[in-house]
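Q: Next come the chains, spelled out residue by residue.
Protein chains: 2
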Amino acid sequence: MAKIQKPRRPKAETPRGFRDYAGAEVTERATMLKAITDVYHRYGFDPLETSAVETVEALGKFLPDLDRPNEGVFAWQDEDHGDQGAWMALRYDLTAPLARFYAQNHLSLPTPYRRYAVGPVWRNEKPGPGRFRQFYQCDADTVGSASPAADAEICMMLADALEAAGIARGDYLIRINNRKVLNGVMEVVGLLDPAAPEAGEAARGTVLRAIDKLDRLGETGVRALLGVGRKDESGDFTEGAGLGAEKAEIVMGFVTAERESATLTCARLRELVSTSTIGLEGVSELERIGALLEAAGYADRTRIDPSIVRGLGYYTGPVYEAELTFEITDEKGRKRQFGSVAGGGRYDDLVMRFTGQRVPGTGVSIGVDRLLAALQAKRGGAAEASGPVLVTVMEKDRLADYQAMTAELRAAGIRAEMFLGGGNMAKQLKYADKRGAPVAIIEGGDERAAGIVQLKDLALGARLAAEIETNEEWKAQPAQIEAPRDGLVEAVRAMLARGA
Amino acid sequence: MAKIQKPRRPKAETPRGFRDYAGAEVTERATMLKAITDVYHRYGFDPLETSAVETVEALGKFLPDLDRPNEGVFAWQDEDHGDQGAWMALRYDLTAPLARFYAQNHLSLPTPYRRYAVGPVWRNEKPGPGRFRQFYQCDADTVGSASPAADAEICMMLADALEAAGIARGDYLIRINNRKVLNGVMEVVGLLDPAAPEAGEAARGTVLRAIDKLDRLGETGVRALLGVGRKDESGDFTEGAGLGAEKAEIVMGFVTAERESATLTCARLRELVSTSTIGLEGVSELERIGALLEAAGYADRTRIDPSIVRGLGYYTGPVYEAELTFEITDEKGRKRQFGSVAGGGRYDDLVMRFTGQRVPGTGVSIGVDRLLAALQAKRGGAAEASGPVLVTVMEKDRLADYQAMTAELRAAGIRAEMFLGGGNMAKQLKYADKRGAPVAIIEGGDERAAGIVQLKDLALGARLAAEIETNEEWKAQPAQIEAPRDGLVEAVRAMLARGA
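For the protein sequence lines, the chains are X and V, in the order given.
Be aware that the first sequence starts at 38, since it is given in my numbering, and climbs by one per residue.
Be aware that the second sequence starts at 38, since it is given in my numbering, and climbs by one per residue.
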């Protein structure tokens, strides 16, 4: 007889690299995003929500992690698309879709077009600890303005947004650099010929990656990577850019060009790229951005920092990065800096991919989950959700009465629910505890006959359990009181108030 | 010489079947969702946001449209997943992910677990007019309670949510049925044997689809589909369920069993399924739901309606549907009913797929885009966004001064932006118009010397252009006024107030 195989049960698991958010995790993020987008809105930016799916062709290939299959995106072939099965993909950021949207609608949009966008993006990367394949971004961009005032505005808005989210002034710094200055340095050391800008791209990439590692490897490490290469502690060798000592010094001079003020830093940069037209143009832009930020009173929160590179390949001018400067203690008790929570820059060529016409754009992206984690770390933990008032069910045949109590509370704006599970009072109070319910209402036959209800102050009970020494308070504020049935709402309000 | 082919430009197009939302479309939906989820929250429901991506295995196959490739979902094979390339997919609703989440976390979750969720879902369907492949859902579910009180609560909450969103009482109706009663009817007509519930599934499906068409085909059409079949106007023949006249009459009796009150309807249903245990169980549930809704004062907004089927295969008990009852006039001037904007029901087997244990669940899903469209149709159009105050740029070298004005306005809570494009004053005012800016600020050299600014009331200008007869008002309220530079904020506030 053939053995009948039982169908295998599906595994109840969040897919690898993905995660779920529940309760306060959802509301806390929503509150933070509301604070940020309120700032964006006040700056005149309009909301935009593009579809999560784009054609692979429209998304382009701008992810730094190009050695992955599908270029780092989640992609599939669509049977319904016009030209015989176009490839579709989940967006990997909010900028590429903006470029598509702007190119598609530029005739009806104002110029410049300021927009903000909030939503998940997806990366087909190898998942790892703290590295997720779906995460939120919160972007603001100005498309259609080449003015450094647009870059300055984004930096000011980013500062205001971070403060609105709860990062105090002094706890963050916005570092600003310019790709044109970087290109100027490349020109000076012979890695970029303005007449043939394609040549030397690989070597320039090696230099950029070396600069980006200054934090981690220090000046010696970067110098090695600019030259012949570097062997790390494990013995692995990373090939260098092959610059001679003199040229490497020029790059190092650039990386360490930061001075006390934007003006002094720019003066130093001007010396370094004095023979490069593009480099000098970049320094001029930095000077204008610095002057505008200073005039607006943001000099204390912003800094021209030539060591900022930013990964994405599409930046063409100013780039910026917001770094949190306070230390937090991680789960293992180690002190560490939180690092970058937002970054962006100018990408004058993105829209041109579609229209053939150069459209200047500049914008910033906030790493929502990182910023939220920073706020939680600073506060010393995630926010606690407060549960609803629980109306318990003593007599199963009187559900309509308990439901009426619950409805009364809700009508008064109090979050409330009736117990819908099975079980005796002990089980119901255990449920109330798990729910974080501040108050439980009890009405049995005796109470009903007497026209009263019992109110149990569960929040007080929890506090008392935590602090046994306040026993006097317990007596003064009994954890359970009686109230007239027709005074239910007032009694619950009073009990909630004493817990507040 | 080989011809160098220019790379093809990507098309700037929203992928077919997808759409973008901009400006007021985004904020209007957000406002509506906030109103709805505030109601859910007050009912004690907690927010949950699961990942957009699930394994195909976890999602299961519950979509009605099974003749599509990939079972109607967007799916791809993942290289990173443990067991050699698991198939991943975008969620097609918010209920399947809830079942997965609950099965995964049930030990730490309270029982019952009430949760709400808002977000996009994706369907790999053939796109068509008004039929999108990504759309929002807004769900609320109670998992872990078998009580009809949980179903009644969902119906009450749905009514409250619709009213909070802006649908007036009297403009909607929540229709309730029970799959068990339907199964009871199937048993009575011989299409369901409780001892062998798998047999006859195809015929039952045909009957369900026939019932679902009552609105469109009327009683005669449904009767034909219950019997031998039906030829439509185009001559196409749809095969019927093959019931004899007597049995078809029993089904028709069920479909038309609605009476003036829930009590009378339930009494009629009881007669129809008197020989079926499961059918009588279903009627009892409907009676309890009806009684609870009546006690809570929702009898005027809810109705037991045996013709409600609901498409999804996973419902096992009560099902409900919210229908808008007002007429709207469509773009072609035709009056039509808006129809269903929300639906749901009880699905006691969903979690069992994962755990092997039956976990009762019940919940509702609001079709966000449909509800929003209904609100707009009722109001006679989408909401207009109000633009920011525009600070124009008369002198390019004084950006910092204009920026300071903009910052002053923002600090006072007024939405404001500085013009960042190129062009003369005419072009800047044209931009202001496109932006919907209510006020434009102008400060040239003369104004600066005199310590004043010019304020242009663009909102008033627009109103005057629309109503020429109010020319007297024009004189009384000049569209352009002068204000002292240090009284900028007050002057703008006053101008905004007169437009309000």
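What the hints contain is simulated information worked out from the structure, not anything from laboratory work.
Note that the structure is predicted; figures quoted are calculated from it, not measured.
It cannot be assumed that every hint is accurate.
Keeping only pairs whose Cα atoms sit at most 16 Å apart, straight-line, the calculated EDC-like set for lysine to aspartate or glutamate is [what the hints assert, rightly or not]:
{"#": "1", "chain 1": "X", "residue 1": "K163", "chain 2": "V", "residue 2": "E116"}
{"#": "2", "chain 1": "X", "residue 1": "K71", "chain 2": "V", "residue 2": "E65"}
{"#": "3", "chain 1": "V", "residue 1": "K268", "chain 2": "V", "residue 2": "E256"}
{"#": "4", "chain 1": "V", "residue 1": "K163", "chain 2": "X", "residue 2": "E116"}
{"#": "5", "chain 1": "X", "residue 1": "K48", "chain 2": "V", "residue 2": "E256"}
{"#": "6", "chain 1": "X", "residue 1": "K415", "chain 2": "X", "residue 2": "D483"}
{"#": "7", "chain 1": "X", "residue 1": "K284", "chain 2": "X", "residue 2": "E308"}
{"#": "8", "chain 1": "V", "residue 1": "K71", "chain 2": "X", "residue 2": "E65"}
{"#": "9", "chain 1": "V", "residue 1": "K415", "chain 2": "V", "residue 2": "D386"}
{"#": "10", "chain 1": "V", "residue 1": "K250", "chain 2": "V", "residue 2": "D208"}
{"#": "11", "chain 1": "X", "residue 1": "K415", "chain 2": "X", "residue 2": "D208"}
{"#": "12", "chain 1": "X", "residue 1": "K250", "chain 2": "X", "residue 2": "D208"}
{"#": "13", "chain 1": "V", "residue 1": "K71", "chain 2": "V", "residue 2": "E276"}
{"#": "14", "chain 1": "V", "residue 1": "K284", "chain 2": "V", "residue 2": "E318"}
{"#": "15", "chain 1": "V", "residue 1": "K284", "chain 2": "V", "residue 2": "E308"}
{"#": "16", "chain 1": "V", "residue 1": "K48", "chain 2": "X", "residue 2": "E65"}
{"#": "17", "chain 1": "X", "residue 1": "K415", "chain 2": "X", "residue 2": "D386"}
{"#": "18", "chain 1": "V", "residue 1": "K415", "chain 2": "V", "residue 2": "E94"}
Q: All hints are to be evaluated individually against the structure, with a verdict given for each.
A: Quick rundown of the hints versus the structure:
no., hint, verdict
1, X:K163 - V:E116, "holds, 9 Å"
2, X:K71 - V:E65, "holds, 14 Å"
3, V:K268 - V:E256, "holds, 15 Å"
4, V:K163 - X:E116, "holds, 9 Å"
5, X:K48 - V:E256, "violated, 45 Å"
6, X:K415 - X:D483, "violated, 50 Å"
7, X:K284 - X:E308, "holds, 15 Å"
8, V:K71 - X:E65, "holds, 14 Å"
9, V:K415 - V:D386, "violated, 39 Å"
10, V:K250 - V:D208, "violated, 23 Å"
11, X:K415 - X:D208, "holds, 10 Å"
12, X:K250 - X:D208, "violated, 23 Å"
13, V:K71 - V:E276, "violated, 46 Å"
14, V:K284 - V:E318, "violated, 21 Å"
15, V:K284 - V:E308, "holds, 15 Å"
16, V:K48 - X:E65, "violated, 38 Å"
17, X:K415 - X:D386, "violated, 39 Å"
18, V:K415 - V:E94, "violated, 42 Å"
This entry does not satisfy hints 5, 6, 9, 10, 12, 13, 14, 16, 17 and 18, going by the numbered hints stated previously.
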